[in-house]
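Protein chains: 2
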Amino acid sequence: MKLLEDRIRRDGRILGTEVLKVDSFLNHQIDPELMAAIGKEFARLFADKKIDKILTVESSGIAPAVFTGLSLHVPVVFARKNKSLTLPDDVWTADVYSFTKEITNHIMIDHRFLVAGESILLIDDFLANGQAIEGLLSITQQAEAEVVGVGIVIEKTFQKGRQLLDGLGVEVESLARITSFDEGKVSFLS
Amino acid sequence: MKLLEDRIRRDGRILGTEVLKVDSFLNHQIDPELMAAIGKEFARLFADKKIDKILTVESSGIAPAVFTGLSLHVPVVFARKNKSLTLPDDVWTADVYSFTKEITNHIMIDHRFLVAGESILLIDDFLANGQAIEGLLSITQQAEAEVVGVGIVIEKTFQKGRQLLDGLGVEVESLARITSFDEGKVSFLS
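Quick note, the sequences are listed as chains A and B, same order. So in UniProt numbering, spot 124 of the first sequence is number 124, and the numbers just go up one at a time. So in UniProt numbering, spot 4 of the second sequence is number 4, and the numbers just go up one at a time.
Rather than coming from a laboratory, the hints here were simulated on the basis of the structure. It should be emphasised that the depicted structure is a prediction, and the values quoted were computed from it without experimental measurement. Treat the hints with care, since some could be wrong.
Derived list of chain A stretches under chain B, where covered just means 3 residues or more per stretch with a C-beta under 8 angstroms from a C-beta of chain B [said to hold, decoys possible]:
(1) 33-41
(2) 132-146
The calculated DSS-like cross-link candidates involving lysine-lysine, where the alpha carbons are at most 30 angstroms apart (straight line), are [as the list claims (entries may be wrong)]:
(3) B:LYS2 / A:LYS40
(4) A:LYS53 / A:LYS160
(5) B:LYS2 / A:LYS53
(6) A:LYS40 / A:LYS21
(7) A:LYS2 / B:LYS40
Yeah, the Cβ is synthetic: ideal placement off N, Cα and C, and Gly gets one too.
Given these sequences and hints, build the entire structure.
Below you can see the structure in the form of structure tokens.
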């Protein structure tokens, strides 16, 4: 998605060799017009799929997910993160380790909002090591719902999340695929 | 806002005498069409104000805020919640106590995304005791920005948040104002 790649080139900040900060338009400050365009693009890419619901994780997944939900006319459910050891018993849950924050969150979705037989599109802001998507896949499986697609705003192709998704046999669409940050410059898979 | 009041009557769940759960359309599962309508309504209500930026708090404020931002053509910044005692030094921060969760979060906004002289619209999903809005007001003051309006999706008029806002001298718009949950029925200020 050219609009997004241009924005990453212009406003993304590279830290070290693996971290890209996009907090000026995606995950702290948000550009609503860009999010609306992202939602329309995901809706276009998954137009041939029957989708009942979109699943994402708080907080950075919410903006791209709600605009995709608006374009596809389906509800959005965001998994809540919880660090406490005692969880309510009416939730689907999975552990998600964050490599950047070095903490494990339990992510949770209320049983009422994910039910057997539903066709699910997963949306997330980043694909790096794939931990968040893996957690959402586990939750969907527990609920006996079916993941019919995965939409990622920014993918880092050189981390192991992509391999995980390639093995799933579901359609994965990443709007920007970053191959390297060599010499402080973002390179995209063309 | 009739659309919202109708939805609260239909899908809101009352717990005890003070808690309203709207997790089926606002803060766990999200109805994107309703959020888009809410964004348009806030934009209409604050149309006469000069607004540079919208501020909210993760996670439940994000959906109403991004649609308001889309309608007003301004960026949205969401404050991040953090429980840890060590905070980065390049953030504005305030403590926010949650009566429902009985925890104190530090909320934080990066210095780069809130600067002196900006005209700010605060948006949040709920107004109850006003703790979150108080935190956002404190942060805005630290940054020497100016709050020109406060938009609340659901207000409980019988808790102390309303008094706090009445004393501020800024325009406050609540889309649904709940006066009581007596006899398990939601009453709105008409």
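Straight-line Cα separation of LYS53 of chain A and LYS160 of chain A no greater than 30 angstroms? Given that 30 angstroms is the threshold and the Cα spacing comes to 26 angstroms, the pair holds.
At least three residues with a C-beta closer than 8 angstroms to a C-beta of chain B: is that true for the segment 33-41 of chain A? holds (count 3)
For the pair supplied as a hint, LYS2 of chain B and LYS53 of chain A, is the alpha-carbon distance within the 30 angstroms limit? 26 angstroms, holds
Compare the distance between the alpha carbons of LYS2 of chain A and LYS40 of chain B with 30 angstroms, and conclude whether the hinted pair is satisfied. 28 angstroms, holds
Has the given pair, LYS40 of chain A with LYS21 of chain A, been kept, meaning a C-alpha gap of at most 30 angstroms? Holds. LYS40 of chain A to LYS21 of chain A sits at ~24 angstroms (cutoff 30 angstroms).
Quick check: do three or more residues in the segment 132-146 of chain A have a beta carbon closer than 8 angstroms to a beta carbon of chain B? Not satisfied, violated; 0 residues make the cut.
Is the straight-line distance between the alpha-carbon of LYS2 of chain B and that of LYS40 of chain A 30 angstroms or less? 28 angstroms, holds
Hint compliance for this structure: hint 2 is the single one not met.
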